[in-house]
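Going down the list, the sequences are from chains S and X.
Just so we're on the same page, our numbering is the position in the first sequence counted from 1, plus 118.
Just so we're on the same page, our numbering is the position in the second sequence counted from 1, plus 118.
Certain hints may be false.
Treat identical chains as interchangeable: a pair holds within one or across any two.
EDC-like mimics (lysine to aspartate or glutamate), calculated; alpha carbons at most 16 Å apart, straight line [said to hold, decoys possible]:
#1 Lys139 with Asp189
#2 Lys324 with Glu342
#3 Lys139 with Asp188
Keep in mind that the hints were calculated from the coordinates and are not lab data.
Protein chains: 2
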Amino acid sequence: MENKLYEYARLLVEIGANVQKGQTLIISSPIECAPFARMCAGAAYDVDCREVVMNWTDDFLTREKYMRADDAVFDEVPEWKVRFFTDYANQNAAFLHIYASDPENLKGVDPSRPARASMAGGNAMKDYYRMQSASEFAWCIGSIPIKAWAKNVFPHMSCEKAVDALWNAIFDAVRITGDGNAVKRWREHLGKLSERKQKLNEFNFKYLKYSNSLGTDLTIELPENHVWEAGADISRIGVDFVANMPTEEVFTAPRRDGVNGIVFASRPLVHDGNIIDKFSMTFKDGRITEVHAEKGEDVLRAAVAVDEGASYLGEVALVPYDSPISNSKILFYNTLFDENASCHLAFGEAYPCIKGGAQMSREELLRHGLNDSNTHVDFMVGTSDMSIIGVTHDGREIPVFVNGNFAV
Amino acid sequence: MENKLYEYARLLVEIGANVQKGQTLIISSPIECAPFARMCAGAAYDVDCREVVMNWTDDFLTREKYMRADDAVFDEVPEWKVRFFTDYANQNAAFLHIYASDPENLKGVDPSRPARASMAGGNAMKDYYRMQSASEFAWCIGSIPIKAWAKNVFPHMSCEKAVDALWNAIFDAVRITGDGNAVKRWREHLGKLSERKQKLNEFNFKYLKYSNSLGTDLTIELPENHVWEAGADISRIGVDFVANMPTEEVFTAPRRDGVNGIVFASRPLVHDGNIIDKFSMTFKDGRITEVHAEKGEDVLRAAVAVDEGASYLGEVALVPYDSPISNSKILFYNTLFDENASCHLAFGEAYPCIKGGAQMSREELLRHGLNDSNTHVDFMVGTSDMSIIGVTHDGREIPVFVNGNFAV
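In isolation and in its complexed conformation, chain S is listed as follows (with noise of 0.2 Å):
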């Protein structure tokens, strides 16, 4: 186990946020995952980082400010926490982002309070979100299992058997087997992802046509120079990062006004401390006309309208429903995880996914096509009949996914 723990730690530190000799590294914990966190800044010392700055969670205090601050907190953003993530992100620093947190820590909590949070959030620090988008600087996500989590993902164990069992699940699906060969085979998976980009790049889409089983039925253009991404990106400063640990996806951004149909999530998606399960959004000319769903409707409701941009599609991500986390059959209640398992759309802001984007403006960038938003939240769409078939310039229509898996 010990093994296993330092070889992530180091494999979040080395390839996701890849920390350079001299630079800067700002971890975000929870404080319960503290023991992972020291770790992962003994690791960052270890290839002479300059200094790790924590940046400390914690549910049990988010929740009671959620519950009992005052109203007007909400709709605030101190310019000291501003400053904290701006300037960091101009000095270059690398970013690594423990995320570990109960999927249904708000429950209960006026849903209007995070969705202005969220709003109030991304216009205050839209330079930094801006250059996280972009890729500016190098960050990671990464997760590691705290309790209340692992409770929900294995709620017929006791505490301590779910949290060893989230373990063994975290471990299989970054690659971890503790004989400290992770960052070799990481280099391996990155280079398999990347030929995948390169097949799509070289077809160049005008739409795609998503539909299975659960009543999808969902066309999707996309921009005029539109760019796959996957695997590693490149920062500012010439440094390769990789920004979800795991990661098994392609993605591209879509045309903003240009979705039609109906999309129906295929595994619950937990956001602002809910879940929203069983749940579908209609779309007429990019926008999101109608949202239904069986759990969390009205915390649906609140995200996609957090701003105008929220109710567009900003993400478009491919995964092959045979994949590691898929085949693990484990439904984990943390985005990072399971849109790894599936194939998903965000609404909100878009990545900058095309020829030139990283140097365009935001209105630049929505001048052709993508979109703006303070938001972003992937939601599951994939199933094991998914089928996607990509039109070409020319009219052709190709079967990109065939039973759920890649047929290019």
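Here the structure of chain S is known, so what remains is to put chain X in place on it, guided by the hints.
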């Protein structure tokens, strides 16, 4: 135990920081103290505070930083940190500091690193520290056990027993019995301290002459119009608060250039994560001209050299040898407790303990003889045979302390 914890959290929030309806509370706490910090946050929401903002710390990562970070880090203070403390202070937030640290957390660290960090912090956050020492906002320091600290206090006990013993010692020191009457006991106690300070103010001493069998032979001149303070302060918004819990002291500021002789420490001093023990300081016209320590002399030398003012006294505090903490015979290795078991002095910054001082600038205070520095370090000098003679402006000699206790 649960009753005592809750009574303690309420005491710190309602008497210590005295959090008001609609006021923001900043809690600084080690992550190891999270359960108690959460309880304090709950107590603050119980009195309808606006929001609780956490400033988490971690001994482990602090040590990692001082051992392994780039050397330049210790001369810098990031802007976000300055904004964090200064902005909340300007907004009249209350500050609760839960202080708990391994007394030897920085053993083996180059002492110039914490000394430089202290100087840089003092410079960058001058406004915040000025507001704090002028009681412009409400603040309170309290402590709870952590393992590493408890093992220092009770080295012959198991870790678990040491923590229990330290809890009991702290509860005794802060008058917590679990009967729910701690707030009442504290009001009585603060009344008694107030009587003492009034008596001392009536004498309006020109000098205090210290002597005891350790070899202390020290004359301290007090500034004209000096004021003895004790117990509760009143913040800019007119709210009573108690900056230290426990507090047994009556204190004022010495004349910066009016200290002559030698003083011997009566208890070890924990400073910058190191223990300094069996030490003496020699003064000539206020300035520390010699320091000796059997243990930690390098740390002490670095501390009095932080800036010009660090080598002058900034505080004179009287605590009877026969006080509850002293009578417990426990050496706490934590200045918050040890200074309230013993007469003490501090080198560095003076509190503005002079008539009209809270409205004076640092330069004006300096002209009135009060010391200016970016540091303020208390050290203990009281013994069972301490004699302190007060000399009035008309030359009368009044025994203030006889055999370690108040004689006035």
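Cα distance capped at 16 Å. Does lysine 139 pair with aspartate 189 within a copy, between copies, both, or neither?
Intra 44 Å, inter 13 Å, cutoff 16 Å: inter-copy only.
Taking 16 Å as the upper bound on the Cα-Cα distance, should lysine 139 and aspartate 188 be classified as within, between, both, or neither?
Between copies, since 10 Å is at most 16 Å while 43 Å is not.
State whether the alpha carbon distance between lysine 324 and glutamate 342 is at most 16 Å within one copy, between copies, both, or neither.
within (8 Å within a copy, 85 Å between copies)
Hint violations for this structure: none, all hints satisfied.
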